[in-house]
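One line per chain: the protein sequences are Y and A, in this order.
The first sequence: position 12 = 12 (our numbering), numbered continuously.
The second sequence: position 39 = 39 (our numbering), numbered continuously.
Hints were generated in silico from the structure; no laboratory data involved.
Using N, Cα and C, we set each Cβ at its ideal position, and we do this for glycine too.
Warning: the hint list may mix true and false statements.
As the list claims (entries may be wrong) - Interface residues of chain A toward chain Y, partial, derived using beta-carbon atoms under 8 angstroms: (1) 45; (2) 48; (3) 56; (4) 61; (5) 63; (6) 64; (7) 102; (8) 103; (9) 104.
Unchecked claim - Label pairs and their in silico Cβ distance ranges: (10) A:95 / Y:80: 25 to 31 angstroms; (11) A:96 / Y:28: 18 to 24 angstroms; (12) A:71 / Y:18: 31 to 37 angstroms; (13) A:13 / Y:69: 38 to 44 angstroms; (14) A:101 / Y:38: 16 to 22 angstroms; (15) Y:26 / A:9: 33 to 39 angstroms; (16) A:9 / Y:79: 35 to 41 angstroms; (17) A:73 / Y:2: 30 to 36 angstroms; (18) Y:73 / A:101: 18 to 24 angstroms.
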Amino acid sequence: KNEVEQSPQNLTAQEGEFITINCSYSVGISALHWLQQHPGGGIVSLFMLSSGKKKHGRLIATINIQEKHSSLHITASHPRDSAVYICAVYNTDKLIFGTGTRLQVFP
Amino acid sequence: DSGVTQTPKHLITATGQRVTLRCSPRSGDLSVYWYQQSLDQGLQFLIQYYNGEERAKGNILERFSAQQFPDLHSELNLSSLELGDSALYFCASSVVTGNTEAFFGQGTRLTVV
Chain Y
1 KNEVEQSPQN LTAQEGEFIT INCSYSVGIS ALHWLQQHPG GGIVSLFMLS SGKKKHGRLI
61 ATINIQEKHS SLHITASHPR DSAVYICAVY NTDKLIFGTG TRLQVFP
Chain A
1 DSGVTQTPKH LITATGQRVT LRCSPRSGDL SVYWYQQSLD QGLQFLIQYY NGEERAKGNI
61 LERFSAQQFP DLHSELNLSS LELGDSALYF CASSVVTGNT EAFFGQGTRL TVV
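With the rest of the complex left out, here is chain Y:
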């Protein structure tokens, strides 16, 4: 069993839909990252959080430390949101990655 699990693995949506991607982890962490990887391969850090909730534009990330669970929400999804979203946790100075969620948003 992976230490960081993401669901779903693949997600398709129509433009405008509300998207939720889930991340569960089984190790102790000091922080959790949400990353975005576009088809070209580059990785962008979306959020780093260790408690509560963060919002940036149409993106919202939440974390529940007690339940070892985080969610990434995308409101009013757009085709340019199509990418792989990766959850990663900081555990003793290293990042442990989930396998990613591939999101495709169609017009």
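Dock chain A against the given chain Y, drawing on the hints supplied.
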């Protein structure tokens, strides 16, 4: 642009060869991380340096080595290359270590033929 620069962007080499990947961190960042992303393994942590010293080690093969120089740039050396080493290699940097945001370079795509 994250401010982290990796060179080269693409590299094609033969089995048995040795290559060096280079990473320049964001200005002011002391910590450099190396990651490997292969099709079947996803992203894997390789090694971390902080201010010139090795800080943490992950799933790094003995054929691979890295260092961080006094100007804080880092190099990842891959030797005796095998077909399975073909992957995207990412570098990331952060101000300090641990619980701080990391910024990723664009990656080096290594193809071993």
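Hints versus structure:
no. : hint                             : result
1   : 45                               : holds (5 angstroms)
2   : 48                               : holds (6 angstroms)
3   : 56                               : holds (4 angstroms)
4   : 61                               : violated (16 angstroms)
5   : 63                               : violated (20 angstroms)
6   : 64                               : violated (16 angstroms)
7   : 102                              : holds (6 angstroms)
8   : 103                              : holds (6 angstroms)
9   : 104                              : holds (4 angstroms)
10  : A:95 / Y:80: 25 to 31 angstroms  : holds (29 angstroms)
11  : A:96 / Y:28: 18 to 24 angstroms  : holds (19 angstroms)
12  : A:71 / Y:18: 31 to 37 angstroms  : violated (46 angstroms)
13  : A:13 / Y:69: 38 to 44 angstroms  : holds (42 angstroms)
14  : A:101 / Y:38: 16 to 22 angstroms : holds (19 angstroms)
15  : Y:26 / A:9: 33 to 39 angstroms   : holds (36 angstroms)
16  : A:9 / Y:79: 35 to 41 angstroms   : violated (26 angstroms)
17  : A:73 / Y:2: 30 to 36 angstroms   : holds (33 angstroms)
18  : Y:73 / A:101: 18 to 24 angstroms : holds (20 angstroms)
The structure fails hints 4, 5, 6, 12 and 16 (numbered hints given earlier, in ascending order).
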